[in-house]
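With chain A's structure known, arrange chains B, C and D on it following the hints.
Protein chains: 4
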Amino acid sequence: MTRRVGVWLFGARGSVATTTIAGAAALHHGIPPAGVVTELPDFTGTDLIPLDALVFGGHDVVETPLSKQVERLMTGGVLPPGLDRLIATDLAEAERQIVVLPTGGPQNELIGRMAEDIRAFRLRNDLSQVVAINVASTEAPYEVPVTTAAELREALAVPDVLPASSVGALAAFEAGAAYVDFTPSTSIRPAAVREWAVEKGMPYGGQDAKTGETLVKSVLAPMFAARALPVHAWSGTNLLGGGDGATLADPRAAESKSISKERGLAEMLGDVAGDVHIDYVDPMGDWKTAWDHVLFSGFLGVRMTLQFTWQGCDSALAAPLVLDLARLSALALDRGHVGAMPFLGFYFKDPIESTEHALARQYDELLRWTRSC
Amino acid sequence: MTRRVGVWLFGARGSVATTTIAGAAALHHGIPPAGVVTELPDFTGTDLIPLDALVFGGHDVVETPLSKQVERLMTGGVLPPGLDRLIATDLAEAERQIVVLPTGGPQNELIGRMAEDIRAFRLRNDLSQVVAINVASTEAPYEVPVTTAAELREALAVPDVLPASSVGALAAFEAGAAYVDFTPSTSIRPAAVREWAVEKGMPYGGQDAKTGETLVKSVLAPMFAARALPVHAWSGTNLLGGGDGATLADPRAAESKSISKERGLAEMLGDVAGDVHIDYVDPMGDWKTAWDHVLFSGFLGVRMTLQFTWQGCDSALAAPLVLDLARLSALALDRGHVGAMPFLGFYFKDPIESTEHALARQYDELLRWTRSC
Amino acid sequence: MTRRVGVWLFGARGSVATTTIAGAAALHHGIPPAGVVTELPDFTGTDLIPLDALVFGGHDVVETPLSKQVERLMTGGVLPPGLDRLIATDLAEAERQIVVLPTGGPQNELIGRMAEDIRAFRLRNDLSQVVAINVASTEAPYEVPVTTAAELREALAVPDVLPASSVGALAAFEAGAAYVDFTPSTSIRPAAVREWAVEKGMPYGGQDAKTGETLVKSVLAPMFAARALPVHAWSGTNLLGGGDGATLADPRAAESKSISKERGLAEMLGDVAGDVHIDYVDPMGDWKTAWDHVLFSGFLGVRMTLQFTWQGCDSALAAPLVLDLARLSALALDRGHVGAMPFLGFYFKDPIESTEHALARQYDELLRWTRSC
Amino acid sequence: MTRRVGVWLFGARGSVATTTIAGAAALHHGIPPAGVVTELPDFTGTDLIPLDALVFGGHDVVETPLSKQVERLMTGGVLPPGLDRLIATDLAEAERQIVVLPTGGPQNELIGRMAEDIRAFRLRNDLSQVVAINVASTEAPYEVPVTTAAELREALAVPDVLPASSVGALAAFEAGAAYVDFTPSTSIRPAAVREWAVEKGMPYGGQDAKTGETLVKSVLAPMFAARALPVHAWSGTNLLGGGDGATLADPRAAESKSISKERGLAEMLGDVAGDVHIDYVDPMGDWKTAWDHVLFSGFLGVRMTLQFTWQGCDSALAAPLVLDLARLSALALDRGHVGAMPFLGFYFKDPIESTEHALARQYDELLRWTRSC
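If you read the sequences in order, they're chains A, B, C and D.
All residue numbers for the first sequence refer to this note's numbering, where the first residue is 64 and numbers rise by one.
All residue numbers for the second sequence refer to this note's numbering, where the first residue is 64 and numbers rise by one.
All residue numbers for the third sequence refer to this note's numbering, where the first residue is 64 and numbers rise by one.
All residue numbers for the fourth sequence refer to this note's numbering, where the first residue is 64 and numbers rise by one.
No wet-lab data here; the hints were simulated from the structure.
Keep in mind the model is a prediction, meaning the values are calculated, not measured.
Among the hints, erroneous ones may be present.
To give an idea of the chain C side of the interface with chain D (calculated C-beta under 8 Å), a few residues [said to hold, decoys possible]: (1) GLY93; (2) VAL99; (3) PRO144; (4) VAL163; (5) PRO165; (6) GLY167; (7) PRO169; (8) ILE322; (9) GLY361; (10) MET367; (11) PHE371; (12) LEU422; (13) TYR426.
Using N, Cα and C, we set each Cβ at its ideal position, and we do this for glycine too.
One chain only, chain A, in its complex shape (with noise of 0.2 Å):
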């Protein structure tokens, strides 16, 4: 029998792991896997687990079933009107490995719950491997107040040293799981944690995936950069409703997002100026439209301008990209990969120990190293 791999979702519920999940069941029925960037003809021969490998669960403080999500995606034009019949035994599937997320008590006892529960859907499943992807709602930037793993292994005795985002990842490791964050929460940002995988000979991944504006602008700014066109100002406008566009409606959200959002302009083109907004507009539903205004030089300073919009739907730019990153995860999971990940750069804004943003130069990596062994 095939090894199966598990991808356990922190978030299960929300947008991106209900699309992640009931759009890996369409492609095992025959739809074609639009936006799976390892499905390629490149990655053809590399040691990546087929796609109809990954087993689906994870933890979730709302108890709503998948199959409602589903449908409410359905109505907002994320996926096609039909598919919850198509999908229907592999969501029931999928809802019996969600567990509600524990709350309360010391951190330090949380982290074994929550590991315990991955410990339990490896084995409940037999699985060969676990690969955690945190696709839970952006947290608000937060202060860590130690250094070391053994001081964070310390100060865990009380509630509230860390945010839910970088508990979930200690959880991870402590279940012998790789991390990858999708969000732009504080996860895996300090010191401590990292050593903390480091010490458990974990692989982590992130952070905050690139599914839109800064995708394009991933793109375009190296363009500017090739073609010696200095850019003077960069502005962007993000409109977007859905849960995610009401998490960002929160300032302190918004600021991790615009954070990562801004890192790339910056060590792609050094000090521009312009703002970033991100606006929420509850009719847009899952939708998100982008407009930016770059305004450049050419030869002899005179002026130009390159302005784009971008309308898409998150949550179905996001969901290949989750499959992407368990196949890919579980590949350094099996060569033993311990530490950051940055060969994974291609994915994120905000792309893990490397300063790398160029898209291009990112893809190169990322085959470089899955084609390696």
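Chains B, C and D alone, transformed into the frame defined by chain A:
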């Protein structure tokens, strides 16, 4: 004394040529070299000749003084106000190097007279090398009735066998000059012309510089490909005035342009629906606006769009690339490179003897060649 | 019992007709009448018949059931999911009222048979009046070789004197029905057809409903005029798929469209440069995207631009206007109005017997007429 | 001799004032009056004074010569190259009419000194009337602690009771001048200031000229309303540099702007989601780009969008309107109009004592008033 390199421009009084000549002079006076790729730090330490080693001359059918053209371009916002006073001496010097394009008679004689003009330019200015660059108006597509250099040589005993661009290319080869076509004209397309270049031991490159819409396409199309996002339709409208616009208002000249514009998209993304329009809008003057609309799918086939609007001044984007191409072709001559220069594909919509259109890879290839020895 | 009014649709199985019929049924079931202008508070208290007094029938060349069309439009996002179940009974009823368009034979006989179909519809449904509306595919321009109704009557003894749209208009007049052309086809353009309408004492209106790009133009152009800002160029590109797109992919049909599209701009702003493109982009389905670029001057001639992108679904914009036009034409019949209805100009790109294109003034004129008695 | 009318500008050395003064001079030299509404044929035969009867003066806190400002605006592309030479004499004349804004001391004394400056301007130039127009920088919102003119008169014995804009308005009224506020500042907002104007028998108008994004909104919003298309969200981003941009980079000044920007939309369309951003982007200089995104529904609730991008130069759009407002206010003085001038609503985002924002109706109202006698 430093060696100097001649840049022989076909269309030496046009907007691109004038901006190139005026701009090169401006750089001598301390204006920063925005848009000159070979001035990027990546190119430091290579064997490229300095920018101030370039000496300009050329052929044109018209006799309007360069100073008049500079004035017109200043009014149109292509050249900065006050530039004419700064570079008056340089312009007067370049003026002396431009000769009227000979016409009439059998084309072999014509080639001889043009080659003689180029040789005289070299001697008069004590140039170690000459590089010829075609920046004349785009011609209509043209079928050349012969396939070998030998046949061509015979056929040239009469007029009108070749279009003007190919006559210019042959004149360059005869004069021992490298040749680069900045336009989509016939020039070096016929196999017979290329064979002739090889017989003379000369390098050639082109065609059709990518300065705006196609430049942006050459980074966006690879982005969709790298993210496995199927592109269903890519539509474009280009509005432009000025002399270039007037030329392209002729549907036959526009055809040449459209052919080279569309090649890259097909080679990068396969079969994609959508038209490209090139509209002459006289009141736009030397400015160009391109709007592109891309319809693509995300996961499970959900439809999304990307639109961009590019507002630029073609001459100001083209001129610094002419400087690049002059330096790079001079280096190719130095290295004894014979035949096509596919490593210049970074600059062109229709890169000769190359099927690579992705800008990032083209840049890497250019850099690799320039740095090699 | 309330009186009921028949709406006879030429092209009764097309996207606009199907959306109209399905939409009218949806309104009976409580969906709010978005886009129905005559439901605005301004029209309260006028003599317009209620929306639920409208009964639909029509001619079509195809026999695809309405229910199939509804399904297709639901998949394409034009009609809301689940609508088919809500309105199944209404659709079945409308289905019975649609008859196959007769063809062949001398056109006077054809007119007779079509008029008979309309009369039968009236009797069968006990309708106090009938209004015929042309929502069939756009025809190519057509020269009618006679100038008076008397000449026309004689000429009709043979086939192919008139295009289908004009045949339909005459059939309506013969059956005592008002006639409105929602398309730019020939229909009521010939003087002979108009004279015929007057002889029969019937009102007629049109042409070419403004639902998207031209609608926006009809408020932006007056804005520039009212602010004394000279417009130099107005360029537009329309991308559309679906049946309408396929029809307009035929350059002759597109010509009819372009003529009526361009009339308003010339009458509002005088001579302005710029082209209008209509591109068939099959993967866009029933959706349309229009991009317009306006180049204008401010004080002292400084150049500025306005661009807009309209993304809409034509059928969903057109259908509520069909309901408006049915009610308004029924009112005209009530009032004994004979001949052209220029007060309907608000709805049309090419308003019959009117040179007013500014939307605000057209609205005022419509309201004035509707409220008058 | 023809009578002459004085135009007293608060902020007489700013970009709008300089463009107004320079532009009026340019018109005398034969440049066509683009953007001057009162020069449209509709206004022929009305009692408006000729444009060359206007004489300019004003207050400013800075002392930079007008000629310097003209030079800066020429470099920035706001004024045409070479204008400085054409209008040198006119500029020198206007320069003599500008005085430094007095400051310090109790505000009643300040008002007296400022009124004295205006009176001296009138006498010195033999003006039949004076119209004061506020084109100074936008102030932060300000609460005035009194409600009647009588209370205000008492309160003014100390400094800092009123913001500068209101002090200017009172000075105008004291000097027998009409007053128009081109900005969203406090000026004539307080009831006490308006009562004061009425006591002095003076007309006043404003506020916040609509020159770009809001102008376009004032025709698009009525379009949606007239077509019964529900608007769900209207989002806008304004990018601007220059002095105006720098002022609005202060969030408190931007608040004044946003309040008046948003008023019209609410009054035209009711409650609509979406934010308006005003971003200071220094490298944009005197140019402004606004992007608006409108989400609306068609029939049966299907979602559609309209986006527009406006690229203009505010000063060049504002200046001709200042000329209009000067002529129109002079006419109001002639006619003995006292108090608010709501018929000037055509020019303003926040039209005083009017709730009409639809441009077409505002134009009709303006024309009706101007033509009446």
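>> Given PRO144/C as an interface hint, is its Cβ closer than 8 Å to any Cβ of chain D?
In response: Constraint on PRO144/C not satisfied, violated at 11 Å.
>> For the restraint on PRO169/C, tell me whether the closest CB of chain D is nearer than 8 Å.
In response: Violated, about 40 Å.
>> A closest beta-carbon separation below 8 Å is what the hint needs, so does GLY361/C meet it against chain D?
In response: Where the cut-off is 8 Å and the nearest Cβ of chain D is about 4 Å from GLY361/C, the hint holds.
>> Does GLY167/C hold up as a contact with chain D if the rule is Cβ-Cβ below 8 Å?
In response: 36 Å, violated
> Can TYR426/C be said to touch chain D, with a Cβ gap under 8 Å?
Replying inline: Holds, because the Cβ-Cβ distance from TYR426/C to chain D comes to roughly 5 Å (cut-off 8 Å).
> For the hint on VAL163/C, does the least C-beta distance to chain D fall short of 8 Å?
Replying inline: 27 Å, violated
>> PHE371/C was flagged as interface toward chain D. Is the shortest Cβ-Cβ separation under 8 Å?
In response: Holds, about 4 Å.
>> Take the shortest C-beta to C-beta distance between MET367/C and chain D; is it under 8 Å?
In response: 4 Å, holds
> Under the criterion of a CB-CB separation shorter than 8 Å, is LEU422/C in contact with chain D as hinted?
Replying inline: Check passed: Cβ of LEU422/C comes within 6 Å of chain D, closer than 8 Å.
>> For the restraint on PRO165/C, tell me whether the closest CB of chain D is nearer than 8 Å.
In response: Interface hint status for PRO165/C: violated (31 Å vs cutoff 8 Å).
>> Less than 8 Å between beta-carbons is the criterion; does ILE322/C satisfy it with respect to chain D?
In response: 23 Å, violated
> Would the hint on GLY93/C stand, with a C-beta cut-off of 8 Å toward chain D?
Replying inline: 12 Å, violated
In this structure, the hints that do not hold are numbers 1, 3, 4, 5, 6, 7 and 8, in rising order.
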